[in-house]
Amino acid sequence: MATITIREALNQAIREELARDERVFLMGEEVAAYNGAYKVTKGLLDEFGPKRVIDTPITELGFAGLGVGAAMVGLRPIVEFITFNFSILATDQIVNSAAKMLYMSGGQYNIPIVFRGPGGSAYQVSSQHSQAIESWFAYFPGLKVVMPSTPADAKGLLKSAIRDDDPVIFIEQERMYGNKGEVPDDPDFTIPLGVADIKREGTDVTIVARSLMVPIALKAADKLQEQGVSCEVIDPRTIRPLDIDTIIESVKKTNRVVLAEESHPVCGINAEISAAIMERAMDFLDAPVKRVSGIDVPMPYAKNLEDLVVPDVDRVIAAVREVAYLD
Amino acid sequence: MSKQTAEQATAAGAEEQSSPDVATQPDKVDLATLQRDRDAAKERQKSRLGGLETETLIELYRQMILIRRFEEKAAEVYSAGKIGGFCHLYIGQEAVAVGTLSALRKDDYVITSYREHGHALAKGMTPESVMAELYGKATGCSKGKGGSMHMFDKSLNFLGGHGIVGGQIPLGTGAAFASKYQGTDQVTLCFFGEAAVNQGAFHESLNMAQLWKLPCIYICENNQYGMGTSLERAMSLRDISKKASAYEMASEFVDGMDVLAVREATARAVERARKDYLPTLLEIRTYRFMGHSMSDPGNYRTRAEIEKYQERDPIKLFSASLREEKIADEKLLKEIDAEVRKQVEESVRFAEESPYPAPEELYTDIYANPIDPSARKL
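Chain order of the listed sequences is B and Z.
Here numbering that gives the first Met the number 0 is used: the first residue of the first sequence is 0, the next is one more, and so on.
Here numbering that gives the first Met the number 0 is used: the first residue of the second sequence is 0, the next is one more, and so on.
Excised from the complex, chain Z in its bound form (with noise of 0.2 Å):
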C-alpha cells in the first residue's frame, strides 16, 4: 500500500523532476537559456493560477514580500549592530514557507531549523513578536530568550526553530505520534536543509514515521549548501526525495520558486497525512540569496550562480504570473509592497521601544515544576 502511494506520488512529481536542473553548470549561463528557463517555470505556474481565489494569491504574495521585506530589515538593523547572535536569513526561499504552510490548517503543526524566521511569520506570528525576539526584548515570541534560531508561538502551535542541524526531526515526528495517539486529524509539517539529511536524526525519524505511519510531512529545503559546503561535495545520493524509498515513503521533488507547485504538493501530502496517517518526503529545490549567515560573504558560490537564481525569485515569477494573468496590477502590487514595508518599519519601532527582559527573567522557566524547599521538612 504504502509503496503504491510511493509510486503515485512519484509521478505527480514527475513534471518538475523532468524540468531543467538549474544547479547543473553553474558558471556558464547564456542569457537565452536563462529567459527560456525562467519563461518555462511562468507558465508552469501560471497554469496552476485555475481555480483558487483572488484573495487567496493575494495573500500569498502578501506573506511572500513581507517575509522578503522583513529579512532585508533584519540584516540592515544586524549589520548596524542592533542585533547580534547568528542570524540565518530566507531571502530566496520565501515560497516554500508560504506555500507549504498555505496548505495547513490553523492547529497543524509546525516545527523548522534555525533559519526559521519565514516560517515563523508564514504561520501568523507578528513581525512586532518575531523582530523584538531577535533583539533580544522581553516582548519577543519568546521572551528574549530564544533569539533568532529559536523562535516558539504554542499558540499557534509553532514548535519553534532549532539549533542543531536535524535535531528537530524526530521531534516533529513526535508531534505527529502524539496527534496519532490523540486521535486528532492534526498533521505536522516538519522543515530542514538538506545537510541534515546527512544526520542520523533524519534517517531514524523517517524509518519510525512510515513504520508506524505517522502523520508528518517531512519538507526538505534543498537550497543547495550546507554552509558553504556544496550538495556536490557532502552527498553521494544526490537526489533527495529518492531517499524516501529507503522507507517505502511517498515523496515528491518540487520546484521551490514556484509558490504554487509547493502548495500544490503540500496540499498532496497533507490529504496523506490527514485521512490515513502517511507521511511524505517532499524535497523542495530553493536557493537562499544571501550567505549561510550574516557573517558569511559566500565566496564558494560564483556571482553567475547566483544571479541565475535570481532570474527565477519566487517573487518576481509570481508577481509576473498575476499581473500577465490580470489578478494583479502593478499598482495594486506596489501597495501591498508599501504596507508591508510599514508593517516591517513598525516591528522595529516597537522591537526598539520594547524594554530587555528584568534581570529576574534570567531564573525563571528552567522547570515547570521548581523543587520547593519546603518539600524537605517532610
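Same shape as in the complex, but just chain B (with noise of 0.2 Å):
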C-alpha cells in the first residue's frame, strides 16, 4: 500500500487502463501538453504520445459527441472536462446520446464511455465554477453516476469505469484532489460500481455522505463519539445505480439518519434517498430523516459568504443532534 493523493490515484487509474486496452483514448481540453488543468493527467502524453492522449479545442459539445460516436464503433473513450461546469454545454450528446443509443436501438450500439473531471464546490470562483450537478446525470436511465471520496475508491471505481461497457459520469470533488490515503498496489485493485462502502461503524445515528462531505461527516463522527453518539457512516460511492439496500439496512440498526451533500437541496439526490427511506423503513425510525445540504442559493464569491453554503461539520453535528433528539 503507498499513501498518494487523490490526484495521484486517478493518474495511475488512467495510466494503468492505457496500457492494458489499446481501444482506451483520452481527450479534453489541455489534458495533454499542459499536463491537465488539474495535473490528473500528467506524463500521459509523454507515455501514451499523441495518438492516445488528445487535447482538445473548446468545444465540450463537439468532443463528447466525437467521443460518444467513437464509443460506437469500438472505442474506450475517456472524456474529461476541466470541470463539470463545462459538460452542462455537451449535456445533449450525455443525455440524448450516450444515454439512450443502447435502449433505442434495441441493444445493439452501447455505449462505453467515460465523462469525468472536477465537480461540486471549488475555492472562490463564485457562480458557474462551483456547483454540483451529479443530480442532473443521476436522473437518466442508461446513466452510471460515480463520486469516489478516497483515493483508493478514486483509483478502483475509475478503472471499473473504463472497464464498464455503459456511459459513466465519473465526478471528482475539485477541493480534494490533494487528500491523502492509502491505496493498493496492484494493478488489477478495482472496486466494483453500485456498492456502497461503510466508512465508520456505529449504532446510533446513520450519517449518509458522498464525495466533499464524507471526510466532514467522519470529522463529525468523531466528535459526535466524544459526545457519546456512535455515527455509521455510508458512502453511496455510485449514486445511480444508488445501493440503497445498504443505506436502508444502516437505518433499520440505527434507527435514525442525517444525509448530507452539497448541492442544493432541491431535487437532489438526498430527496431521492430520503423518498426511499419513506418507501422502506419509515417504521424504523425514531426520527424524521434530516437533510444536510448546499445552501439554496448560486454560489458567491466572498469567502464568508461561501463559507456559509457548503455545509461543515457543525451544521452535520447539529444534525444529528437533531435526530437524536440531545438538544
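Simulated from the structure, these hints should not be mistaken for laboratory data.
Take these hints with a grain of salt, some might be off.
Claimed, not checked - Stretch-level coverage of chain Z by chain B, calculated; a stretch enters the list once three of its residues show a Cβ under 8 Å from a Cβ in chain B:
no. : stretch
1   : 164 to 174
2   : 177 to 189
3   : 339 to 349
4   : 359 to 368
Claimed, not checked - Output of the computed footprint for chain Z on chain B, the stretches with three or more beta carbons under 8 Å from beta carbons of chain Z:
no. : stretch
5   : 53 to 61
6   : 71 to 77
7   : 86 to 95
8   : 104 to 110
9   : 163 to 171
Note that beta-carbon positions come from the ideal geometry of N, C-alpha and C, so glycine has one too.
Got two chains here, each in a separate frame; can you build the complex from them with the hints?
Listed below in C-alpha cells is the structure:
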C-alpha cells in the first residue's frame, strides 16, 4: 500500500488502463501538453503519445459527441471536462446520445465511455465554476454516476468505470485532489460500481455522505463519539445505480438518519434517498430524516459567504444531535 | 494542402453552381422556363451515364422507386392510424440517399437524422425491418424501441437516425475518428438537413474534422425548409457549401435531383477520405415534396413552388434519361415498380403480423453491464 493523493490515484488508474487496452484513449481540453488543468493527466502524453492522449479545442459539445460516436464503433474514450461546469454545454450528447443509444437501438449500440473531471464546490470561483450537478445526470436511466471520496475509491472506481461497457459520469471533487490515503499497489485492484462503502461503523445515527461530505461526516462522527453518540457513515460512492440496500440496512439498525450533500436541496440525491427510506424503512425511524445540503443559492464569491453555503462539520453535528433528540 | 483541395473540389462542382437556381422566384413559374430547366438537367444527367454498368443504373432506379413507394405506403398506414409518433418522409429526396450510398463500400459508416427511412433502405436494411419498426413491433430494426426516428442496424454499420437537429454530426465525426485511430480505411457519411447547419454541433464538428483530418463526409441535404421556416428566413449566408471554407475544408454544391451527380460528387469525397483521411462538406440541393412530418400540411409553400420541383422529380428525371438512352424501356421500369410495390406490401403484411415487444422488453437494453446485486455482498 502506498499513501498517495486522489490526484495521483486517478492518474495511476488512467495510466494503467491506457497501458492495458489499446482501445482506451483520453481526450479533453489541456489534458496532454499542459498535463491537465488540475494535473490529473500529468505525464500521460509523454508516455502514450498524441494518438492516445489528445488535446481538444474548447468545444465541449463537439468532443463529447465525438467520443460517443467513437464508442459506438469500438473505442473506449475517457473524456475529461476541465470541470463539470463545462459539461453543461455537452449535456445533449451525454443525455440524448450516450444515455439512450443502447435502448433506442434495441440493444445494438452500447456506449463504453467515461466522462470525468472535477465537480462540486471549488474555492472562491463564484457561481458558474462552483456547483454540484450530479443529480442532473443521476436522473437519466442509461447513465452511471460515480463520486469517489478517497484515493483508493478514486482509483478502484475509475478503473471499473473505464472497463465498464456503459456511459459513466465520474465526478471528482475539486477541493479533494490533494487528499491523501492508502491505495493498493495491485494493478488489477478495482472497486465494483454500485456498491456503497461503510466508511465508519456505528450504532446510534446513520450519516449518508458522498464526495466532499465524507471527510466532513467522519470528522463530525469523531466529535460526536466524544459526546457519546456513535455514528455510522455510509458512502454510496455510486449514486446511479444507488446501493439503497446498504443504506436501508443501516437505518434499520440505527433508526435515525442524516443525509449530507453539498448540492442544492431541491430535487437532489438526498431527496431521492429520503423518499426511498420513507418507502422502505419508515417504521424503523425514531426521528424524521434530516437533510444537510448546500444552501439554496448560486455560489457567491466572498469567502465568508461561500463558507456559509457548503455544509461543514458543525452543521452535520447539529443535524445528528437533532435526530438524536439531544438538544 | 487542404486549401488547394478545397479549391479543386469547388471547381469540380462549378457546373452545378452555375446552373439556374430553381429556388428563386417561387411564385412566378412559366412553363417554358420550367421545361428548359428540366431538359438542361436531363442533358447533364445523360452525360454522366457513360461508363456505368446497366446493372448499376437499374439498381439505382430500383432503390429510388423502392424508397418512394415505401414512403407512400408509410404515409398511407400513418393516416390509417396504424403507426404513430412523428413520421418524416423522404419523398423528393431519394436521389440523395441512393446516389451517396451507391458510392460507398459496405463496411463504411452511415449516420443521419430523423428523416432516415430512405438512408436505411439504401444502406441495405430490409423494408420489413424498417416497416416493422414504424409499427413498433418486436421484429423492427430497433426492436420497436426506436420508431421512425431511431432506426439502427449494427450489422450494416448503420449508426442510426437521431432526433435532435444536428446531434448526429459530432457522432459521425467520432465514427470517422475511430476509423483513423484503428487504421482502417472506412469512411463515414454523416447526413443532416440545412437547418442543422445553424447548430453549434455542425461548426464544432467541422472544425475538429479538418483539424484532425478525419475521414468524414458531411452531407447537407438542403431541402430549403427547416420545418416551416425557409432558408431565407433562417440563414445569413445561404450558400452552405461556402461554410466549409471557414474550416479550410473541401466542399461541393451538388444538384440533389440528379442521382448521378450525387454519386459522382460523393465518389470524389470518398476517395479523399479513404486515401488521405480528409473530410468534405457536400451541399446537396433537394426538395421534400411532403410536409416536414405527417402532421404538417405545408401551408408555408406555394403550390407553384412544389409543382416546379415536381417537374424536377429525381425519379422522373432518371427514368427519362434511362429510357431516352435506351438503357431501360418503359416495360422494364414498370416491372421494377410492380416488384417494388409487392415488396412494400409484403413489408406491411410482415409488420402487421409481427408481435409487439413483450412487456419485459421495457426493462432490457438500458445497460450493457447491469449492476449485479450480488456484487453488493462483497
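query: Are there hints from earlier that the structure breaks, and if so, what are their numbers?
result: 3
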